[in-house]
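Undergrad: Model the placement of chain B on the given structure of chain A, informed by the hints.
Now for the letters of each chain:
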Amino acid sequence: DTGVSQDPRHKITKRGQNVTFRCDPISEHNRLYWYRQTLGQGPEFLTYFQNEAQLEKSRLLSDRFSAERPKGSFSTLEIQRTEQGDSAMYLCASSLVAVVGAGAYITDTQYFGPGTRLTVL
Amino acid sequence: TQLLEQSPQFLSIQEGENLTVYCNSSSVFSSLQWYRQEPGEGPVLLVTVVTGGEVKKLKRLTFQFGDARKDSSLHITAAQTGDTGLYLCAGAPRRNNAGNMLTFGGGTRLMVKP
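In order, the protein sequences belong to chains A and B. Just so we're on the same page, the numbering used here is the position in the first sequence counted from 1, plus 33. Just so we're on the same page, the numbering used here is the position in the second sequence counted from 1, plus 5.
Since the hints were made in silico from the structure, they are not lab data. Warning: the hint list may mix true and false statements.
Unchecked claim - Cβ pair distances, simulated, as ranges:
1) A:THR46 / B:ASN23: 41 to 47 Å
2) A:ASP34 / B:ASP72: 32 to 38 Å
3) B:GLY57 / A:SER99: 37 to 43 Å
4) B:SER35 / A:GLY105: 20 to 26 Å
5) A:SER91 / B:PRO13: 44 to 50 Å
6) A:THR46 / B:GLY45: 29 to 35 Å
7) A:SER120 / B:GLU43: 18 to 24 Å
8) B:GLY45 / A:GLN113: 22 to 28 Å
9) A:ILE45 / B:GLY87: 28 to 34 Å
10) A:SER120 / B:LEU8: 32 to 38 Å
11) A:SER106 / B:GLY58: 37 to 43 Å
These figures come from a predicted structure and were not determined experimentally. Using N, Cα and C, we set each Cβ at its ideal position, and we do this for glycine too.
Excised from the complex, chain A in its bound form:
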């Protein structure tokens, strides 16, 4: 158990429905990442937050995907109007980042949660 939790672990939905997943990071971690992993592939980066700010979202797969981290703690990932191609494992990871100088960062390792397995029928 890495300390990152995700809920639910499994979600089965019908095409066209909206789904929302939750991630609770390690408590002192300020960065939170979302990845998607399809069968037989490595995880693919989607978006990340530093505290409550979403610093990169251009990799979200379409405008049906959105993520929030309103209080800089837990995060939610929502997929609207799900499609069969959205079926995958959605992984959350967290890390601790410290700024050490102008434009320079020390980044800690990312710790992953157990994932949410989404099946769209």
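TA: Coordinates of chain B only, in the frame set by chain A:
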């Protein structure tokens, strides 16, 4: 776009054999991490290598980061059935990049038979 290629994709060996998994890129990474993933679970960190040429050992596992920080290898000595799983390498971008989105390789699925 930074890409990481892992080889082999699949590996089936007998218990007690040695094996090496490779992770290669044309891009430079500030660090590289190795994860192991069980079916239906998230990746679990094995090691992080940061310095070019660095070698780290974790019991029977030896990890090496290439001198140019573009490639890495994982060597397992005397494999055991408990080593079965998906091994993933993941590279972090250059240190002065504020984002730290990991680029993952496609994974090596290892099966160790008794």
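Undergrad: Does 41 to 47 Å hold as the CB distance between THR46 (chain A) and ASN23 (chain B), or does it fail?
TA: 45 Å, holds
Undergrad: Assuming the hint says 20 to 26 Å, is it satisfied by the Cβ distance from SER35 (chain B) to GLY105 (chain A) or not?
TA: Given range 20 to 26 Å: holds, Cβ gap about 25 Å.
Undergrad: Verify the CB-CB distance for THR46 (chain A) and GLY45 (chain B) against the hinted window 29 to 35 Å.
TA: 18 Å, violated
Undergrad: Given the range 37 to 43 Å, decide if the beta-carbon distance of SER106 (chain A) to GLY58 (chain B) lies inside it.
TA: Given a distance of about 39 Å, which is inside 37 to 43 Å, the answer is holds.
Undergrad: Using the Cβ atoms, figure out if ILE45 (chain A) sits within 28 to 34 Å of GLY87 (chain B).
TA: Once the Cβ atoms are compared, 31 Å apart, the range 28 to 34 Å for GLY87 (chain B) and ILE45 (chain A) holds.
Undergrad: Just tell me: holds or violated, for the beta carbon distance of SER120 (chain A) and GLU43 (chain B) against 18 to 24 Å?
TA: Holds - the Cβ-Cβ distance for SER120 (chain A) and GLU43 (chain B), about 20 Å, lies within 18 to 24 Å.
Undergrad: Taking 44 to 50 Å as the stated bounds, is the beta-carbon spacing between SER91 (chain A) and PRO13 (chain B) within them?
TA: Because 33 Å falls outside the window, the suggested range is violated.
Undergrad: Determine whether the Cβ-Cβ distance between GLY57 (chain B) and SER99 (chain A) falls within the hinted range of 37 to 43 Å.
TA: 39 Å, holds
Undergrad: Just to be sure I understand the hint, the distance between the Cβ atoms of ASP34 (chain A) and ASP72 (chain B) should be within 32 to 38 Å; is that true here?
TA: Taking Cβ atoms as reference, ASP34 (chain A) and ASP72 (chain B) lie about 36 Å apart, which means the hint holds.
Undergrad: Does the Cβ distance between SER120 (chain A) and LEU8 (chain B) fall inside 32 to 38 Å?
TA: Given a distance of about 24 Å, which is not inside 32 to 38 Å, the answer is violated.
Undergrad: If I claimed the Cβ atoms of GLY45 (chain B) and GLN113 (chain A) lie 22 to 28 Å apart, would that claim hold in this structure?
TA: Between GLY45 (chain B) and GLN113 (chain A), where Cβ atoms are some 26 Å apart, the hint holds.
The structure is inconsistent with the numbered hints 5, 6, 10, although it conforms to all the rest.
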